[in-house]
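Colleague: Start from the sequences and build out the full structure, keeping to the hints where you can.
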Amino acid sequence: MSAAASADRVGLVFVSHSAKIAEGLVELARQMAPSVRLVAAGGTNTGGIGTSFEQISDGITAANSGVGVVILCDLGSAVLTAETARDFLEDAEQNQVRIVDAPLVEGGVAAAVAAEIGGDLDAVVAAAQSALHSASSATPTTEPFAPVGVSRTVILVNKDGLHARPAAEFVKLASTFSVPITVNGTDASSLLSIMSLGLARGSSVQLSSTDPSAGPAITALAELLESGFGEE
Amino acid sequence: MTLNDQPNSALADAAPRLDAAWTVRWIRRSAEVLAANRAALNTLDREIGDGDHGENMDRGFQAVLPKLDALAEGTTPGAVLKLVATTLISTVGGAAGPLYGTAFLKAAGAVGAAESVDAAALVVLLTAARDGIVLRGKAEEGDKTMIDAWTPAVNAASSAQAAGSAVGTVLLAAADAAADGAQATEPLVARKGRASYLGERAIGHRDPGSQSTLLLLRAAADVLATA
Ligand SMILES: Nc1ncnc2c1ncn2[C@@H]1O[C@H](COP(=O)(O)OP(=O)(O)OP(=O)(O)O)[C@@H](O)[C@H]1O
Ligand SMILES: [Mg+2]
Numbered sequence: 003m004s005a006a007a008s009a010d011r012v013g014l015v016f017v018s019h020s021a022k023i024a025e026g027l028v029e030l031a032r033q034m035a036p037s038v039r040l041v042a043a044g045g046t047n048t049g050g051i052g053t054s055f056e057q058i059s060d061g062i063t064a065a066n067s068g069v070g071v072v073i074l075c076d077l078g079s080a081v082l083t084a085e086t087a088r089d090f091l092e093d094a095e096q097n098q099v100r101i102v103d104a105p106l107v108e109g110g111v112a113a114a115v116a117a118e119i120g121g122d123l124d125a126v127v128a129a130a131q132s133a134l135h136s137a138s139s140a141t142p143t144t145e146p147f148a149p150v151g152v153s154r155t156v157i158l159v160n161k162d163g164l165h166a167r168p169a170a171e172f173v174k175l176a177s178t179f180s181v182p183i184t185v186n187g188t189d190a191s192s193l194l195s196i197m198s199l200g201l202a203r204g205s206s207v208q209l210s211s212t213d214p215s216a217g218p219a220i221t222a223l224a225e226l227l228e229s230g231f232g233e234e
Numbered sequence: 021m022t023l024n025d026q027p028n029s030a031l032a033d034a035a036p037r038l039d040a041a042w043t044v045r046w047i048r049r050s051a052e053v054l055a056a057n058r059a060a061l062n063t064l065d066r067e068i069g070d071g072d073h074g075e076n077m078d079r080g081f082q083a084v085l086p087k088l089d090a091l092a093e094g095t096t097p098g099a100v101l102k103l104v105a106t107t108l109i110s111t112v113g114g115a116a117g118p119l120y121g122t123a124f125l126k127a128a129g130a131v132g133a134a135e136s137v138d139a140a141a142l143v144v145l146l147t148a149a150r151d152g153i154v155l156r157g158k159a160e161e162g163d164k165t166m167i168d169a170w171t172p173a174v175n176a177a178s179s180a181q182a183a184g185s186a187v188g189t190v191l192l193a194a195a196d197a198a199a200d201g202a203q204a205t206e207p208l209v210a211r212k213g214r215a216s217y218l219g220e221r222a223i224g225h226r227d228p229g230s231q232s233t234l235l236l237l238r239a240a241a242d243v244l245a246t247a
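Those protein sequences? They're chains A and B, same order as listed. Going by this note's numbering, the first residue of the first sequence is number 3, and it counts up by one from there. Going by this note's numbering, the first residue of the second sequence is number 21, and it counts up by one from there.
These aren't lab readings, by the way, just hints derived from the structure by calculation. Take the hints with a grain of salt, since some may be wrong.
Among chain B residues calculated to face chain A with C-beta under 8 Å, some are [to be verified]: (1) Gly114; (2) Gly121; (3) Gly157; (4) Arg221.
Beta carbons: idealized from backbone N, C-alpha and C, even for Gly.
Modeller: Written out as structure tokens, the structure is:
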């Protein structure tokens with residue numbers, strides 16, 4: 003990660019009672035967000051289980067490249083300590099720091115990917131929060147669909163399939179349309195839902211909308227999938 | 021002369037006020053009492069939490085002690101409270117850190133640069149402390165948290181002061197009400213903090229934070245009575 007690469011990206015701080023959880027999550031998220039500033043703030047100052055005001059405060063500073071920081075927390079005092087740390091910042095910096103109450107791992111990965119593709123604070127917060135809803139809606143289904151409205155099926159051609167960066171690009175484009183669109187029955191604007199479909203190269207992807215005016219949106223998304231996302 | 025062996029300034033005049041020396045003695049006494057109750061608070065927290073409340077409180081208040089020694093003479097109650105706040109926030113490591121830390125910080129803000137605190141200002145101080153905990157933790161009365169000790173304490177202090185009581189009586193009223201409040205958490209189901217994961221199994225156990233609140237307020241009253 004170079005400083006230049008992270009310069010315009012929202013940074014993330016992962017707050018956990020356990021140093022290992024926070025560090026593990028940084029590792030996990032870094033795979034999909036190599037140019038985002040990801041900071042682990044886990045455990046107490048003395049390496050015990052708990053949360054540390056200093057680690058969170060220092061983490062905010064380390065994660066902020068100028069466009070803000072999103073903090074994700076695990077249980078209880080993690081949120082309380084993070085809020086306290088934010089309160090101690092200057093007013094201008096406080097506005098750049100958001101604390102999200104979302105599942106740490108799923109929300110953290112979704113937020114990291116949103117930051118990687120250049121999402122602003124709102125977009126990164128929304129991505130993290132999408133993890134709150136995706137747990138139930140993400141169940142991949144193999145049932146045939148009987149869509150009303152508009153539908154189109156595409157075969158994935160790129161190496162990684164609809165995962166990681168391609169999934170993020172896809173979701174980013176899908177989020178720009180106001181019509182509801184589904185991918186094999188799952189919400190096209192939810193990164194975690196899309197990723198948990200596990201669509202690999204060669205998979206067939208059905209883009210559908212119940213809204214008859216969704217034609218252009220579906221065409222644009224189909225073209226993105228067919229373009230192979232610049233991968234071989 | 022250190023702050024600790026000053027004459028009993030709080031009781032010296034007819035309408036006693038709480039000054040910086042009293043504040044320092046209160047915090048020292050609190051540290052002693054929390055150290056002595058470390059195991060008991062851990063036990064309460066083991067029943068309905070993660071068993072570390074005594075450890076957390078003891079660590080925080082022990083960390084304050086050396087800083088009290090370093091306080092300049094001519095300090096104010098507000099400055100002492102602020103020192104306690106920042107130390108607890110950075111050393112406690114559990115929910116009690118940001119909660120009590122915010123309480124002491126708001127209490128410090130409420131008394132400002134005043135050299136001493138009379139009964140009316142004491143009520144303002146206690147109210148600000150309680151409001152700080154609510155601001156931070158969003159707990160309501162009946163959620164089985166330290167708020168169940170704080171809110172009755174603030175109400176009792178306020179009534180005592182309105183009835184014309186001096187600071188000592190106001191502190192006693194607060195401590196007695198906190199004791200009742202702590203006891204009243206026993207039959208409750210927790211709606212905040214770790215104990216909220218336990219549901220009905222929290223019934224029959226006292227909330228550890230309400231007990232530490234009682235200990236702190238009792239120490240405040242005792243220090244004035246015995247100084
Ligand atoms: N949201 C809250 N509002 C008010 N008091 C709370 C809240 N959450 C917890 N508490 C109080 O904090 C006490 C527990 O403090 P303790 O120091 O043991 O933190 P903890 O719960 O172990 O922290 P952590 O969340 O890091 O595990 C509880 O007994 C309760 O009185
Ligand atoms: Mg605990």
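Colleague: Tell me the hint numbers this structure goes against, listed in increasing order.
Modeller: When the structure is compared with the hints, only number 4 turns out to be violated.
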